[in-house]
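K.L.:
Please put together the full structure from these sequences, using the hints given.
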Amino acid sequence: MYAAIRRLPQVDASLALMHLDGLSYREMSDVMGISENYIGVKLNRIRNKLADELQRESDEFR
Amino acid sequence: MSFDELQGEWQSHDHADGLQRDPNLLLDEVRRKYDSLGASLFRRDLMEVIAACLVVAFFSYSGFVRNDWTLLLCALGGAFVGCFLIVDRWNQRRHRAPSESSLQVCLQADLAQVNHQIWLLKNIFWWYLLPPSIGMIAFLGKIAWKERHASLLRQSILGVFVLVCGLVFWGVYKLNQRAVTKTFIPRRDELETLLKNLERD
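Line order of the protein sequences matches chains A and B. By the count of numbering that gives the first Met the number 0, the first sequence reaches residue 61 at its end, each step adding exactly one. By the count of numbering that gives the first Met the number 0, the second sequence reaches residue 200 at its end, each step adding exactly one.
Do not rely on the hints blindly, as some may be mistaken.
[To be verified] Stretch-level coverage of chain B by chain A, calculated; a stretch enters the list once three of its residues show a Cβ under 8 Å from a Cβ in chain A:
id : segment
1  : 23–30
2  : 92–102
3  : 185–198
[To be verified] To list a few chain B residues with every Cβ distance to chain A over 12 Å, as calculated:
id : residue
4  : L40
5  : F79
6  : V86
7  : S150
8  : R153
9  : I156
10 : Y172
[Said to hold, decoys possible] Interface residues of chain B toward chain A, partial, derived using beta-carbon atoms under 10 Å:
id : residue
11 : Q6
12 : E8
13 : W9
14 : Q10
15 : C105
Hints were generated in silico from the structure; no laboratory data involved. Yeah, the Cβ is synthetic: ideal placement off N, Cα and C, and Gly gets one too.
P.N.:
Rendered as structure tokens:
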């Protein structure tokens, strides 16, 4: 998980950490300066990217 | 494992293995670099303005005492540089990001600051080197004219002095162009990448 987050672009990694820490979309929007809707869009993409990475890693592990 | 499960797992973990959890880490890093660059630019400009004041005071005094218009021209060149820096800082102050600003505002302000420095240093010949050079060339030209019948030794000393002045100006120009390519352009690329990543995928 750490490695997958580290491989993300800096902004995405920062958003992923905020999300994992349980910050609300509003709080993330205040820190980042982008709209809550766009935070949602970005997090969705990040989630998919991380899920793919983790899936690939677990497949390789097997 | 779903992302929500990962989130639960993440929050129960102590993360002693390296990855920092501060959610504002990126913002803090960008702001720290922005403030640090701002502080060093302020120090540089302050030193330049103090130096310009000293140049103006010295050459004005010498020019009036010796009744030499070329020295007054040198003082005028120094005054131009000092005034240019003050006016430039005054104009740039509106681009500064407030201390509690978001990552996007901070990146935009930092990018504007870096782009302005690139412009300033690329054009350093016109606002920093040329104005004092005009006075210096007039001063040295006047001396050369006076010394045209002097001994070879005196003419050689004058020639060496002109050469040293030329080398110093060339060195200042090169040093600043190096700062553009080694410091400011990489920083601009880094900021543009971050901003691009933040604003669109």
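K.L.:
So which of those numbered hints doesn't the model satisfy?
P.N.:
none
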